[in-house]
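J.: Letter by letter, the chains look like this.
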Amino acid sequence: MIRKLLAVLAMFVWADVALAQSGPLRLTITDGVIEPLPFALPNFQPEGTGAEEMAANLSQVIASDLIGTGLFRQIPASAFISPYTGFSQPIAYADWRAINAQALITGAVAVSGGQVEVKFRLYDVFSGGELGDGLRFVGSVDGWRRMAHKVADTVYSRVTGEGGYFDSRVVFVAETGPKDARQKRLAIMDYDGAGVQYLTDSGTLVIAPRFSPSGDRVLYTTFESGFPRINMIDVATVGRQQVTTAAGEMAFSPRFSRDGNQVIYSLSSGGNTDIWRTDLLTGQHTRLTSAPSIETAPSFSPDGSQIVFESDRSGSPQLYIMSATGGEARRISFGEGRYGTPVWSPRGDLVAFTKQNAGRFHIGVMRTDGSEERLLTASFLDEGPTWSPNGRVIMFFRETQGAAGAPSLYSVDISGRNLRQVPTVTFASDPSWGPLQR
Amino acid sequence: MKTLTKAALIVLALSTAACTRPDRFGTGADGAGAGAGYGADGSISDPTSPAYFNQTIGDRVLFQVDQSTLTPEAMSVLDGQARWLLDNSQYMALIEGHADEQGTREYNLALGARRANAVREYLVSRGVPTSRLQTVSYGKERPLAICSDETCYSQNRRAVTVISLGSL
Numbered sequence: 343m344i345r346k347l348l349a350v351l352a353m354f355v356w357a358d359v360a361l362a363q364s365g366p367l368r369l370t371i372t373d374g375v376i377e378p379l380p381f382a383l384p385n386f387q388p389e390g391t392g393a394e395e396m397a398a399n400l401s402q403v404i405a406s407d408l409i410g411t412g413l414f415r416q417i418p419a420s421a422f423i424s425p426y427t428g429f430s431q432p433i434a435y436a437d438w439r440a441i442n443a444q445a446l447i448t449g450a451v452a453v454s455g456g457q458v459e460v461k462f463r464l465y466d467v468f469s470g471g472e473l474g475d476g477l478r479f480v481g482s483v484d485g486w487r488r489m490a491h492k493v494a495d496t497v498y499s500r501v502t503g504e505g506g507y508f509d510s511r512v513v514f515v516a517e518t519g520p521k522d523a524r525q526k527r528l529a530i531m532d533y534d535g536a537g538v539q540y541l542t543d544s545g546t547l548v549i550a551p552r553f554s555p556s557g558d559r560v561l562y563t564t565f566e567s568g569f570p571r572i573n574m575i576d577v578a579t580v581g582r583q584q585v586t587t588a589a590g591e592m593a594f595s596p597r598f599s600r601d602g603n604q605v606i607y608s609l610s611s612g613g614n615t616d617i618w619r620t621d622l623l624t625g626q627h628t629r630l631t632s633a634p635s636i637e638t639a640p641s642f643s644p645d646g647s648q649i650v651f652e653s654d655r656s657g658s659p660q661l662y663i664m665s666a667t668g669g670e671a672r673r674i675s676f677g678e679g680r681y682g683t684p685v686w687s688p689r690g691d692l693v694a695f696t697k698q699n700a701g702r703f704h705i706g707v708m709r710t711d712g713s714e715e716r717l718l719t720a721s722f723l724d725e726g727p728t729w730s731p732n733g734r735v736i737m738f739f740r741e742t743q744g745a746a747g748a749p750s751l752y753s754v755d756i757s758g759r760n761l762r763q764v765p766t767v768t769f770a771s772d773p774s775w776g777p778l779q780r
Numbered sequence: 234m235k236t237l238t239k240a241a242l243i244v245l246a247l248s249t250a251a252c253t254r255p256d257r258f259g260t261g262a263d264g265a266g267a268g269a270g271y272g273a274d275g276s277i278s279d280p281t282s283p284a285y286f287n288q289t290i291g292d293r294v295l296f297q298v299d300q301s302t303l304t305p306e307a308m309s310v311l312d313g314q315a316r317w318l319l320d321n322s323q324y325m326a327l328i329e330g331h332a333d334e335q336g337t338r339e340y341n342l343a344l345g346a347r348r349a350n351a352v353r354e355y356l357v358s359r360g361v362p363t364s365r366l367q368t369v370s371y372g373k374e375r376p377l378a379i380c381s382d383e384t385c386y387s388q389n390r391r392a393v394t395v396i397s398l399g400s401l
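Line order of the protein sequences matches chains A and B. Here our numbering is used: the first residue of the first sequence is 343, the next is one more, and so on. Here our numbering is used: the first residue of the second sequence is 234, the next is one more, and so on.
These are calculated hints, taken from the structure and not from any lab test. Please note that a few of the clues may not be correct.
Some chain A residues flagged as far from chain B (calculated, every beta-carbon gap over 10 Å) [to be verified]: (1) Arg600; (2) Gly668; (3) Thr766.
Chain B regions said to be covered by chain A (calculated; three or more residues, Cβ under 8 Å) [to be verified]: (4) 332–345; (5) 349–355; (6) 378–384.
All C-beta atoms in this analysis are idealised placements derived from N, C-alpha and C, irrespective of residue type, glycine included.
Work out the full structure, taking the sequences as your base and the hints as a guide.
T.: Structure (structure tokens):
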């Protein structure tokens, strides 16, 4: 039953896509409404003493993860007919059907010796059976939020048939101070804004951090020496080192290869900016573009064979794809306006980008041949898309207009639905979404 | 009925790193590179002083949207800068390129590099030794004027020649 509903839901999404692509480069930002799947999540059952608060917290985060996708709706406990009596008790399906719960998530939580044990089950209410096996997670009390995200990822994955993205982290730039004296620090947080940890102080201007594909390291651009250079930071130890690039006045806009052993970046020399690749293991530098125009913002395809980048060789910034070894590039963006910051999707089929047109900024996606361009957002300044691990959601930053203008992080579904602000304590920009954690 | 003992339970141990780490570097100082300090600028009436260079000759030139081409006004300012630098050979110059907030971070960094280099090449063409000139771009990171319209944007699309004594 749940799968059937999701199939219907998926059909709506595809219908929407088909609508958006009809007509030549006529792009419409649709704001359609879909019916989210109703689920019941009785507070997880505390087992033993001292587990009540943990059970309530876990239940709240799991529900929040699912609701945040825009694909699920929580039925309030006040509507429940049968009180939830226990994790091992039989399920009164009729009572859950009566309140139109499609999915039922039950769980139990025990806390002892600094460890948390979470058990949960997922039921398909209308077919009257369990969806997948029960799961048990054990971890330290400190990591309880990760356990909640793991439960929610499992539910999401079983119901949608796609990988989840809740147990993941985002590296970004935390910004404070006025617009003409902005201070910037690298920071890492959970995908939902919790657990912020700062990686640098505010004494040095830093921009555009990028996670390694395995999430163990972060590349970023720093003005530590007075000139833009690329640094690499180890996430676990917070140890920093400069990446030795080819020689030039400025190195910036770095990104990892899939295996994490190579870095592609922009290098400026004599005022001209081209794309280079440096092998972190051998220290070898390879020049990938050689043009008097600006070449920047490179991003590898998931298989590592190609690079999408931004160039103004045509007179205005547009998107191009070339082989990972350089050479001829083919232009893929042909709509009105200027295109930048292309990022290849984890599935390999789409490129997300920033588009500037008629005084507005947009986050959009297109196929890798440039077809089916769709704009997902519009504002005074939207910039810097990054993909969720499952390729379903894009995070970016939105800067408000004027003297008090400041950036915040947002996420949006690739259907264009479910635009949400990601809560951060400070202003925030330049998000880079890391992989699902292990 | 399915019970816990009947169903397969998969146990996943989570490695749980500490969630929060307070600022380990202290609160930090002012943003780096927000224009090098001018220090003792001297008197504006002294033609050999940095104050005279900054204010009377003019330490900056402005650019059109997306352009790094020097306007006639810019060339006239740079002619003055070149003469001053040739007369005061103890000074080095760092040319900072900047962009307005219209445009992506990466593109604006590259655009600022183009602008700084346009100034550098002009000064070199007027006889200033390359060994005394260096360039850097701040892209849109260091706006001078903070409103979001052309009155501010036009001030932010700039290249500033920052002079200092001794080596760069």
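J.: For a quick check of understanding: which of the numbered hints are violated here, in increasing order?
T.: none
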